[in-house]
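Heads up: the protein sequence lines correspond to chains W and H, in order.
According to the numbering used here, the first sequence is numbered sequentially starting from 1.
According to the numbering used here, the second sequence is numbered sequentially starting from 1.
To be clear, the hints were calculated from the coordinates, so they are not data collected in a lab.
For every residue, glycine included, the Cβ atom is placed at its ideal position computed from N, Cα and C.
Hints are not guaranteed to be accurate.
Unchecked claim - Listed below are several chain W residues computed to face chain H (Cβ distance under 10 Å; list not exhaustive): (1) Y46; (2) F77; (3) Y101; (4) L102; (5) L138; (6) N146; (7) L147.
Unchecked claim - Below 25 Å or equal to it, Euclidean Cα-Cα: the simulated SDA-like pairs (lysine to any residue) are: (8) W:K73 with H:I42; (9) W:K154 with H:I41; (10) H:K236 with W:F54; (11) W:K73 with H:K43.
Claimed, not checked - To list a few chain W residues with every Cβ distance to chain H over 12 Å, as calculated: (12) K17; (13) N25; (14) Y171; (15) S174.
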Amino acid sequence: MIMQNVHQNPAQDEVLKCCNSSRANFATCKTHYAQLAALVPVNQFYHFNDMWRFATQKLAFLVSLTFFLETGKLASFEEVAESLGLKPEREKGFHLDLEDYLTGLLQMASELARFATNSVTSGNYDRPIEISKFVSELNAGFRLLNLKNDSLRKKFDALKYDVKKIEEIVYDVSIRGLRPAAGNADQAGN
Amino acid sequence: MSRGGGRGNRRGGHRFDRGGDQRLREAKDEQYQLIDDSSEIIKTFKQFALQLDAKHDRHERIVKLSRDVTIESKRIIFLIHTINSSNDSKKEQILDQANFRLKQVEANLFQAIAQELVGEDPHQFLRAFSAGLQEYIEAKTFYQFMVSASIPHWNEIQKDLTYAQEATEEGAEASEILTPVLPTEYMLGVGDLTGELMRRCINCVGMGELDACKQLCGFLRQVYRIFAGFDTFGYKEFGRKTYVMRQSLAKTENVCYTIQVRGSEVPKHLLAQAIHMSMDNPEEDEGFY
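With these hints in hand, go ahead and build the complete structure from the sequences.
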């Protein structure tokens, strides 16, 4: 919910404030995951994991979104796991499932598409360009995966519509001459 | 491109058959090289791709093994159905053969599954081998029932599916690997068993084995009683199996009733016909064997 506020006021400092409050909530999640881990017997993670899979995916999405808004980069698998208090590997205990992390990334891409629209509405014209570059790299990365016909695959198929939407926004901005000059764009993109 | 030849090699409609398509994999590898390598994101995703591929491939291997288990188990069940109790020597022979084939399944297929599961959480792949495991339990319990009129506990079945690994030269200790027999899988397998016992009952009538029918009916009743007592929240399978079991039990009870009522008035060989005419429901088809 906190992250929804970034749409309302996408000025950079406001965004960062939201990110900080989110981070505080992630810490609470850590304690909850620790409690969950205490309840689940060793080696039975997958027996019960459907119960919290949806929550984990949402949290992975929120962490990666927060990370992107703070740094403009993709949160790595290890970073997301660490923010939530989960281990990255099954051997080490209660862990973050790779597919949940990837689903979270896809949800983040949808959210960023929306964010791009709202950025333009509030006058921030270089953020959509950053987002566009980021999401197309994400798309390229996802294309390398061999996916089965499961929910991850369906979400991945939706990703291309997000890419398209963001590109349309960039197009709208460029064609009306609202895009910052090429020099600025490079700095913004990096 | 190579895609055309790849598609021709695949078995029709068999969407799981990725592993055998070597040329398609090579084409994909080329594709990996062409994408810009320097990006961090691309590098991490290449890693993800490897991880996901490994998991999917393992899943597929287990599915293939499980399907082989299913086919063989169904054939063993058919074999056991051919037992004509009045001819005891034949019965011994058939049971021995069934036992031999069951042992083969344990030694080859289930051991391979156990190998695949080493170091993995078995629940992650449970859906891959669940069908095969249940079918095997059905066959095994059916065999055991024909031998001793009782069925083994799942711990005993687990022993058959546990394999000792010898200590390797690298110094790893001797250990055991196993294909887990979860109590829920065991119970679902026994649920299927009731269907086979119902068939056996009807065959028995046809062969004039009236006592066996009563025995089977009693056993079936016991199993149903237990299943009827389960709270099936979270496991739809149990609800379905209980429903089918109830129908099987009803048929068996009808058979016993017909024997009781008409047994004295109708000669034995016509009893089977009489029973068939009194039953309306056609049996469900269980799929290919």
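Hints versus structure:
At a threshold of 10 Å, the smallest CB-CB gap from Y46 of chain W to chain H is about 4 Å, leaving the interface hint in force. With a least beta-carbon distance of about 7 Å to chain H, the hint placing F77 of chain W at the interface is held under the 10 Å criterion. Because the smallest distance between the Cβ of Y101 of chain W and any Cβ of chain H comes to about 9 Å, under 10 Å, the interface hint for this residue holds. A least Cβ separation of about 7 Å between L102 of chain W and chain H falls short of the 10 Å threshold, and the interface hint therefore holds.
Annotation: interface hint on L138 of chain W holds; nearest CB of chain H at approximately 7 Å, less than 10 Å. Below 10 Å, beta-carbon pairs count as interface contacts, and N146 of chain W has one with chain H at about 6 Å; its hint therefore holds. Contact between L147 of chain W and chain H, as hinted, is supported at the beta carbon level, the nearest pair being about 7 Å apart and thus within 10 Å. Note on K73 of chain W and I42 of chain H: the hinted pairing holds, with a Cα-Cα distance of about 13 Å set against a maximum of 25 Å.
Restraint check for K154 of chain W and I41 of chain H: the C-alpha separation of about 21 Å stays at or below 25 Å, so the hint holds. For a cut-off of 25 Å, the pair hint linking K236 of chain H to F54 of chain W stands: about 21 Å separates their Cα positions. For the hint pairing K73 of chain W with K43 of chain H, the CA-to-CA distance comes to about 14 Å; that is within 25 Å, so the pair holds. The beta carbon of K17 of chain W is kept farther than 12 Å from every beta carbon of chain H, the shortest such distance being approximately 27 Å.
Look at N25 of chain W: its CB is around 26 Å from the nearest CB on chain H, clear of 12 Å, so calling it non-interface holds up. The claim that Y171 of chain W lies off the interface holds: its Cβ sits roughly 23 Å from the closest Cβ of chain H, which is beyond the 12 Å cut-off. Its beta-carbon lying about 23 Å from the closest one in chain H, S174 of chain W satisfies the requirement of being farther than 12 Å from that chain.
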